[in-house]
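Colleague: Since chain A is already given, all that's left is putting chain B on it; use the hints.
Number of protein chains: 2
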Amino acid sequence: MSNDIKALDNPSGIRELFRTSQLICPTSGMAPGYVQTNLAILPMSYAFDFLLFCQRNPKPCPLIEVIEPGEYKPIKSAPNADIRFDVPQYRIYKNGILSKEVENISDIWRDDLVTFLFGCSFSFEEALIESGINLSHFENNKNVSMFITNIETTPAGIFSGPTVVSMRSIPRDKLVKTIQVTSRFPNVHGAPIHIGDPELIGINDISNPDFGDVNIIKEGEVPVFWACGVTPQAVAMKSKPSLMITHSPGHMFVTDIKNHEVAVI
Amino acid sequence: MSNDIKALDNPSGIRELFRTSQLICPTSGMAPGYVQTNLAILPMSYAFDFLLFCQRNPKPCPLIEVIEPGEYKPIKSAPNADIRFDVPQYRIYKNGILSKEVENISDIWRDDLVTFLFGCSFSFEEALIESGINLSHFENNKNVSMFITNIETTPAGIFSGPTVVSMRSIPRDKLVKTIQVTSRFPNVHGAPIHIGDPELIGINDISNPDFGDVNIIKEGEVPVFWACGVTPQAVAMKSKPSLMITHSPGHMFVTDIKNHEVAVI
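Protein chains in written order, with the working numbering: chain A, 2 to 266; chain B, 2 to 266.
Treat the hints loosely; a few may be bogus.
If chains are identical, the list can't say which one is meant, so a pair holds when it fits in one copy or spans any two.
[Unchecked claim] Mimicking SDA-like on lysine to any residue, the simulated pairs with C-alpha atoms at most 20 Å apart in a straight line are:
1. Lys178 to Val265
2. Lys60 to Arg185
3. Lys178 to Ala264
4. Lys219 to Pro27
5. Lys77 to Gly162
6. Lys77 to Glu220
7. Lys74 to Pro156
8. Lys259 to Ser22
9. Lys175 to Ala128
10. Lys60 to Ala264
11. Lys60 to Asp50
12. Lys74 to Lys95
No lab work stands behind these hints, which were simulated from the structure alone.
The structure presented is a predicted model; accordingly, all values stated were derived computationally and were not measured.
Same shape as in the complex, but just chain A (with noise of 0.2 Å):
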């Protein structure tokens, strides 16, 4: 026991008991000052679009590893790694359609999967903690939440769609001081896209999310809005791809990266 709490704050420990099934379950929380992807695999056929799409939305799709046809080890952002078993838990959907939910995906892989792994918000949240900025749906043990918006992302190719956002409450005196945090790690989605009035981009009910819990706007706060990495998934789906693998929400891919690492100043 001892050394899975031990484990627990390693990501090479932490991978290892995801690759044997010891441990299933979300990685919040988990080996902290470490990046956290998501994940999203296709098959070559779609990978030049699906990049481009990533390219032409950065802010949505932070690309932190792009995996060639047929490799699964990321050898960026954790060598050691197989992408294969060391994700806690996958999803396989095919022509668009949930078909099931796996441990690992070593008896579907293929020679033609494209593994793409996208920053996650994870990272700049732990910024923001540190700067001393509270953010109020940790405290109440909630997940962010999350909104479709009428922000439409640049299409590429066959991937097009709106931009799926995340909302954070931020005290009126630390708008300031969340944006310029923020802004220095666009590798995990970086500054706010928008700040206050959830109208001006399609949010008729703010306390009505599309994804995630209810969080409340306390008096005093600002809803501040951030790209989310559900955005490419979303997109992805929508075109109906014959397969895509990406990770059961909040079971990230826990890399060797330091969230200091990714800042760009």
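Modeller: Below, chain B without anything else, positioned relative to chain A:
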């Protein structure tokens, strides 16, 4: 004539002069304040590998825009431009060998050609000068010195090779400011990748550049090295693609994007 002079401050007017071949010349100093880009056009069969190469090597390959196969409108960077005509001079390479230099590429345009536009150092040089950092190669009316280094790029598919750098000689008391200013511009090569001792990156004779002009490092100055846009062209050429089209050296594509728009903060 007064119309022409006015056009040289205006990206759209400049491109019109190039489009109609009224003007064929290097673009340094034109349309001050606007982003100019390097150009690489490759057949679709190379495009995924090349886009992946750029994603893995953002410092030498800072993508401003990628245009979809067969399209020639740079919708993001200059929506009324036509990439087949609006670069002052093009080079056509076949199997890695220079075939000819032309004023437009309309006669060889194909439906499978993918256009890559890369940020160039003109943008951060302007920011340095605005910040009070004199660049001696400008004052001496020379091109920067460029060197092939021993710093390997991260390969992708068929693309690999050494990083090419540009060198600027910076007064020692301006080093910190130089790094601060250029760090704001990751989409136009950004912060330097090496400071001081050229031998550490495989440059044995600073007075013998591989490309560009010789520049003297004066007493009290330090050579500072930036990843250079020659890198992706050199790497692509090394793989001998059946067809590759680039701009002629110094004859850049002038966009409608302002330099300060590409700053991250």
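Colleague: All the hints need checking, so say for each whether the structure fits it.
Modeller: Outcome of the hint check:
1. Lys178 to Val265: Result: close both inside a copy and across copies, 16 Å intra and 16 Å inter.
2. Lys60 to Arg185: both (13 Å within a copy, 17 Å between copies)
3. Lys178 to Ala264: both (15 Å within a copy, 19 Å between copies)
4. Lys219 to Pro27: neither (28 Å within a copy, 58 Å between copies)
5. Lys77 to Gly162: Between copies only: 18 Å across, 30 Å inside.
6. Lys77 to Glu220: Neither way: lysine 77 and glutamate 220 sit 44 Å apart in one copy and 40 Å across, limit 20 Å.
7. Lys74 to Pro156: Cα proximity of lysine 74 and proline 156: across copies only (15 Å, versus 29 Å in one copy).
8. Lys259 to Ser22: neither (25 Å within a copy, 51 Å between copies)
9. Lys175 to Ala128: The answer is within: 13 Å in one copy meets 20 Å, while 30 Å across copies does not.
10. Lys60 to Ala264: both (14 Å within a copy, 15 Å between copies)
11. Lys60 to Asp50: Within one copy only: 17 Å inside, 22 Å across.
12. Lys74 to Lys95: Neither, since 24 Å and 35 Å both go past 20 Å.
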